[in-house]
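Read left to right, the sequence shown gives residues 371 to 624 (this note's numbering).
One thing to keep in mind: the hints can contain errors.
Said to hold, decoys possible - Distance ranges between label pairs, derived from CB positions:
(1) A495 - S617: 27 to 33 Å
(2) D594 - D510: 20 to 26 Å
(3) D498 - A519: 28 to 34 Å
(4) V517 - A495: 30 to 36 Å
(5) S441 - A623: 41 to 47 Å
(6) A615 - D488: 16 to 22 Å
If you are wondering where the hints come from, they were derived from the structure by calculation, not from laboratory data. Where is the CB? At the ideal position from N, CA and C, for every residue including glycine.
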Amino acid sequence: ALVDADSDALVLADSDALVDADSEADVLADSDALVLADSEALVLADSEADVLADSEALVDADSEADVLADSEADVDADSEADVLADSDALVDADSEADVLADSEADVLADSDADVDADSDADVLADSDALVLADSEALVDADSDADVLADSDALVDADSDADVLAEADALVDADSEALVLADSDALVDADSEALVLADSDALVDADSEADVLADSDALVDADSDALVDADSEADVLADSEALVDADSEADVDAD
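Construct the entire structure; sequences and hints are all you get.
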(Lines of atoms letter the chains of each structure in order from A and count residues from 1; the text may use other names and numbers.)
(Lines give C-alpha, C1' and ligand atoms only; values in the text may rest on other atoms or scores of the structure.)
Protein backbone atom coordinates (compact mmCIF):
# COMPACT_ATOMS: atom_id res chain seq x y z
CA ALA A 1 0.00 0.00 0.00
CA LEU A 2 2.88 2.38 0.79
CA VAL A 3 4.50 1.48 -2.46
CA ASP A 4 1.30 2.12 -4.27
CA ALA A 5 0.86 5.30 -2.41
CA ASP A 6 4.38 6.38 -3.24
CA SER A 7 3.89 5.35 -6.80
CA ASP A 8 0.71 7.31 -6.97
CA ALA A 9 2.42 10.23 -5.34
CA LEU A 10 5.28 10.05 -7.78
CA VAL A 11 2.91 9.71 -10.69
CA LEU A 12 0.94 12.67 -9.43
CA ALA A 13 4.11 14.57 -8.85
CA ASP A 14 5.37 13.66 -12.28
CA SER A 15 2.05 14.49 -13.88
CA ASP A 16 1.97 17.79 -12.02
CA ALA A 17 5.52 18.46 -13.12
CA LEU A 18 4.60 17.55 -16.66
CA VAL A 19 1.51 19.68 -16.49
CA ASP A 20 3.56 22.52 -15.08
CA ALA A 21 6.23 21.97 -17.73
CA ASP A 22 3.62 21.84 -20.47
CA SER A 23 1.95 24.92 -19.08
CA GLU A 24 5.26 26.73 -18.93
CA ALA A 25 6.08 25.54 -22.44
CA ASP A 26 2.69 26.69 -23.66
CA VAL A 27 3.12 30.02 -21.90
CA LEU A 28 6.59 30.42 -23.37
CA ALA A 29 5.32 29.37 -26.79
CA ASP A 30 2.43 31.78 -26.50
CA SER A 31 4.73 34.56 -25.30
CA ASP A 32 7.16 33.83 -28.12
CA ALA A 33 4.29 33.85 -30.59
CA LEU A 34 3.05 37.14 -29.17
CA VAL A 35 6.55 38.59 -29.28
CA LEU A 36 6.95 37.45 -32.88
CA ALA A 37 3.52 38.75 -33.77
CA ASP A 38 4.26 42.05 -32.08
CA SER A 39 7.67 42.22 -33.76
CA GLU A 40 6.15 41.44 -37.14
CA ALA A 41 3.41 43.99 -36.51
CA LEU A 42 6.01 46.55 -35.52
CA VAL A 43 8.11 45.70 -38.57
CA LEU A 44 5.05 45.95 -40.81
CA ALA A 45 4.02 49.18 -39.14
CA ASP A 46 7.53 50.56 -39.53
CA SER A 47 7.64 49.38 -43.14
CA GLU A 48 4.27 50.92 -43.87
CA ALA A 49 5.33 54.11 -42.11
CA ASP A 50 8.53 54.13 -44.12
CA VAL A 51 6.61 53.45 -47.32
CA LEU A 52 4.15 56.22 -46.52
CA ALA A 53 6.97 58.56 -45.59
CA ASP A 54 8.83 57.67 -48.77
CA SER A 55 5.69 58.06 -50.90
CA GLU A 56 4.88 61.36 -49.21
CA ALA A 57 8.47 62.49 -49.74
CA LEU A 58 8.24 61.44 -53.38
CA VAL A 59 4.92 63.24 -53.74
CA ASP A 60 6.38 66.31 -52.09
CA ALA A 61 9.48 66.10 -54.29
CA ASP A 62 7.34 65.66 -57.39
CA SER A 63 5.14 68.58 -56.33
CA GLU A 64 8.17 70.76 -55.67
CA ALA A 65 9.68 69.71 -59.00
CA ASP A 66 6.40 70.50 -60.76
CA VAL A 67 6.16 73.85 -58.97
CA LEU A 68 9.78 74.66 -59.87
CA ALA A 69 9.22 73.56 -63.46
CA ASP A 70 6.05 75.64 -63.67
CA SER A 71 7.74 78.67 -62.09
CA GLU A 72 10.73 78.30 -64.42
CA ALA A 73 8.37 77.98 -67.39
CA ASP A 74 6.50 81.07 -66.21
CA VAL A 75 9.79 82.94 -65.75
CA ASP A 76 10.97 81.83 -69.19
CA ALA A 77 7.63 82.83 -70.73
CA ASP A 78 7.72 86.19 -68.95
CA SER A 79 11.34 86.70 -70.02
CA GLU A 80 10.50 85.84 -73.64
CA ALA A 81 7.47 88.12 -73.49
CA ASP A 82 9.61 90.92 -72.04
CA VAL A 83 12.29 90.37 -74.69
CA LEU A 84 9.67 90.38 -77.46
CA ALA A 85 8.04 93.48 -75.98
CA ASP A 86 11.42 95.22 -75.70
CA SER A 87 12.35 94.24 -79.27
CA ASP A 88 8.96 95.43 -80.54
CA ALA A 89 9.42 98.69 -78.62
CA LEU A 90 12.90 99.12 -80.09
CA VAL A 91 11.59 98.38 -83.59
CA ASP A 92 8.76 100.87 -83.08
CA ALA A 93 11.22 103.47 -81.72
CA ASP A 94 13.57 102.89 -84.66
CA SER A 95 10.65 103.14 -87.09
CA GLU A 96 9.44 106.36 -85.47
CA ALA A 97 12.99 107.75 -85.53
CA ASP A 98 13.32 106.84 -89.22
CA VAL A 99 9.93 108.43 -89.98
CA LEU A 100 10.89 111.59 -88.07
CA ALA A 101 14.28 111.71 -89.82
CA ASP A 102 12.64 111.25 -93.24
CA SER A 103 9.99 113.89 -92.49
CA GLU A 104 12.66 116.34 -91.27
CA ALA A 105 14.73 115.66 -94.40
CA ASP A 106 11.65 116.24 -96.58
CA VAL A 107 10.85 119.49 -94.72
CA LEU A 108 14.45 120.68 -95.10
CA ALA A 109 14.48 119.73 -98.79
CA ASP A 110 11.18 121.54 -99.35
CA SER A 111 12.40 124.63 -97.48
CA ASP A 112 15.67 124.60 -99.46
CA ALA A 113 13.68 124.24 -102.69
CA ASP A 114 11.41 127.12 -101.67
CA VAL A 115 14.43 129.28 -100.78
CA ASP A 116 16.09 128.41 -104.10
CA ALA A 117 12.87 129.15 -105.99
CA ASP A 118 12.45 132.47 -104.17
CA SER A 119 16.09 133.36 -104.85
CA ASP A 120 15.72 132.50 -108.53
CA ALA A 121 12.48 134.50 -108.72
CA ASP A 122 14.14 137.49 -107.02
CA VAL A 123 17.13 137.31 -109.34
CA LEU A 124 14.89 137.09 -112.40
CA ALA A 125 12.73 139.94 -111.13
CA ASP A 126 15.82 142.09 -110.44
CA SER A 127 17.32 141.29 -113.84
CA ASP A 128 14.01 142.03 -115.58
CA ALA A 129 13.70 145.33 -113.70
CA LEU A 130 17.26 146.30 -114.65
CA VAL A 131 16.69 145.35 -118.30
CA LEU A 132 13.46 147.36 -118.37
CA ALA A 133 15.18 150.33 -116.72
CA ASP A 134 18.06 150.13 -119.18
CA SER A 135 15.64 149.78 -122.10
CA GLU A 136 13.62 152.78 -120.90
CA ALA A 137 16.81 154.79 -120.47
CA LEU A 138 17.90 153.86 -124.00
CA VAL A 139 14.46 154.76 -125.37
CA ASP A 140 14.58 158.09 -123.56
CA ALA A 141 18.09 158.72 -124.90
CA ASP A 142 16.96 157.84 -128.42
CA SER A 143 13.94 160.11 -128.06
CA ASP A 144 16.12 162.97 -126.86
CA ALA A 145 18.53 162.40 -129.74
CA ASP A 146 15.64 162.36 -132.22
CA VAL A 147 14.22 165.59 -130.75
CA LEU A 148 17.62 167.26 -130.95
CA ALA A 149 18.12 166.07 -134.52
CA ASP A 150 14.65 167.29 -135.51
CA SER A 151 15.23 170.68 -133.85
CA ASP A 152 18.59 170.99 -135.61
CA ALA A 153 16.96 170.12 -138.92
CA LEU A 154 14.21 172.71 -138.34
CA VAL A 155 16.79 175.36 -137.43
CA ASP A 156 18.77 174.50 -140.54
CA ALA A 157 15.62 174.62 -142.68
CA ASP A 158 14.59 177.96 -141.20
CA SER A 159 18.07 179.32 -141.74
CA ASP A 160 18.03 178.15 -145.33
CA ALA A 161 14.61 179.73 -145.89
CA ASP A 162 15.77 182.97 -144.35
CA VAL A 163 18.90 182.99 -146.50
CA LEU A 164 16.87 182.32 -149.64
CA ALA A 165 14.41 185.05 -148.79
CA GLU A 166 17.21 187.47 -148.13
CA ALA A 167 18.90 186.41 -151.37
CA ASP A 168 15.70 187.02 -153.31
CA ALA A 169 15.35 190.41 -151.70
CA LEU A 170 18.92 191.23 -152.48
CA VAL A 171 18.49 190.08 -156.07
CA ASP A 172 15.45 192.29 -156.48
CA ALA A 173 16.95 195.33 -154.77
CA ASP A 174 20.55 195.18 -155.83
CA SER A 175 22.35 194.80 -159.04
CA GLU A 176 23.76 191.70 -160.56
CA ALA A 177 27.11 192.45 -158.94
CA LEU A 178 25.49 192.56 -155.63
CA VAL A 179 23.65 189.38 -156.50
CA LEU A 180 26.90 187.74 -157.50
CA ALA A 181 28.59 188.99 -154.37
CA ASP A 182 25.67 187.83 -152.32
CA SER A 183 25.68 184.51 -154.13
CA ASP A 184 29.36 184.14 -153.32
CA ALA A 185 28.56 184.99 -149.76
CA LEU A 186 25.69 182.52 -149.85
CA VAL A 187 27.98 179.85 -151.24
CA ASP A 188 30.43 180.57 -148.44
CA ALA A 189 27.59 180.55 -145.95
CA ASP A 190 26.24 177.31 -147.37
CA SER A 191 29.71 175.77 -147.18
CA GLU A 192 30.04 176.89 -143.59
CA ALA A 193 26.53 175.64 -142.89
CA LEU A 194 27.38 172.29 -144.44
CA VAL A 195 30.57 172.13 -142.40
CA LEU A 196 28.64 173.02 -139.25
CA ALA A 197 25.95 170.48 -140.13
CA ASP A 198 28.58 167.82 -140.72
CA SER A 199 30.30 168.69 -137.44
CA ASP A 200 26.93 168.60 -135.63
CA ALA A 201 26.16 165.24 -137.22
CA LEU A 202 29.57 163.95 -136.14
CA VAL A 203 29.03 165.31 -132.64
CA ASP A 204 25.57 163.70 -132.52
CA ALA A 205 26.97 160.39 -133.82
CA ASP A 206 29.79 160.52 -131.27
CA SER A 207 27.29 161.34 -128.52
CA GLU A 208 25.04 158.45 -129.56
CA ALA A 209 28.05 156.12 -129.68
CA ASP A 210 29.09 157.30 -126.22
CA VAL A 211 25.53 156.78 -124.95
CA LEU A 212 25.41 153.28 -126.44
CA ALA A 213 28.85 152.47 -125.02
CA ASP A 214 27.80 153.78 -121.61
CA SER A 215 24.57 151.73 -121.76
CA ASP A 216 26.53 148.62 -122.75
CA ALA A 217 28.94 149.28 -119.88
CA LEU A 218 26.01 149.72 -117.50
CA VAL A 219 24.42 146.46 -118.72
CA ASP A 220 27.75 144.64 -118.31
CA ALA A 221 28.26 146.15 -114.86
CA ASP A 222 24.70 145.25 -113.84
CA SER A 223 25.17 141.69 -115.14
CA ASP A 224 28.47 141.34 -113.29
CA ALA A 225 26.88 142.74 -110.12
CA LEU A 226 23.96 140.31 -110.46
CA VAL A 227 26.33 137.39 -111.01
CA ASP A 228 28.44 138.42 -107.99
CA ALA A 229 25.29 138.90 -105.88
CA ASP A 230 23.91 135.52 -107.00
CA SER A 231 27.24 133.85 -106.22
CA GLU A 232 27.39 135.47 -102.78
CA ALA A 233 23.72 134.54 -102.15
CA ASP A 234 24.39 130.95 -103.22
CA VAL A 235 27.47 130.77 -100.97
CA LEU A 236 25.52 132.23 -98.04
CA ALA A 237 22.59 129.86 -98.71
CA ASP A 238 24.94 126.86 -98.91
CA SER A 239 26.75 127.88 -95.71
CA GLU A 240 23.43 128.46 -93.90
CA ALA A 241 22.13 125.08 -95.13
CA LEU A 242 25.33 123.39 -93.91
CA VAL A 243 25.09 125.15 -90.53
CA ASP A 244 21.40 124.18 -90.22
CA ALA A 245 22.17 120.57 -91.20
CA ASP A 246 25.07 120.39 -88.70
CA SER A 247 22.89 121.88 -85.94
CA GLU A 248 20.06 119.43 -86.62
CA ALA A 249 22.55 116.54 -86.76
CA ASP A 250 23.98 117.62 -83.39
CA VAL A 251 20.46 117.89 -81.92
CA ASP A 252 19.52 114.45 -83.27
CA ALA A 253 22.78 112.99 -81.95
CA ASP A 254 22.12 114.50 -78.48
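Going down the list of hints, with the structure as the test:
no. : hint                    : in the structure
1   : A495 - S617: 27 to 33 Å : holds, 31 Å
2   : D594 - D510: 20 to 26 Å : holds, 24 Å
3   : D498 - A519: 28 to 34 Å : holds, 31 Å
4   : V517 - A495: 30 to 36 Å : holds, 32 Å
5   : S441 - A623: 41 to 47 Å : holds, 44 Å
6   : A615 - D488: 16 to 22 Å : holds, 19 Å
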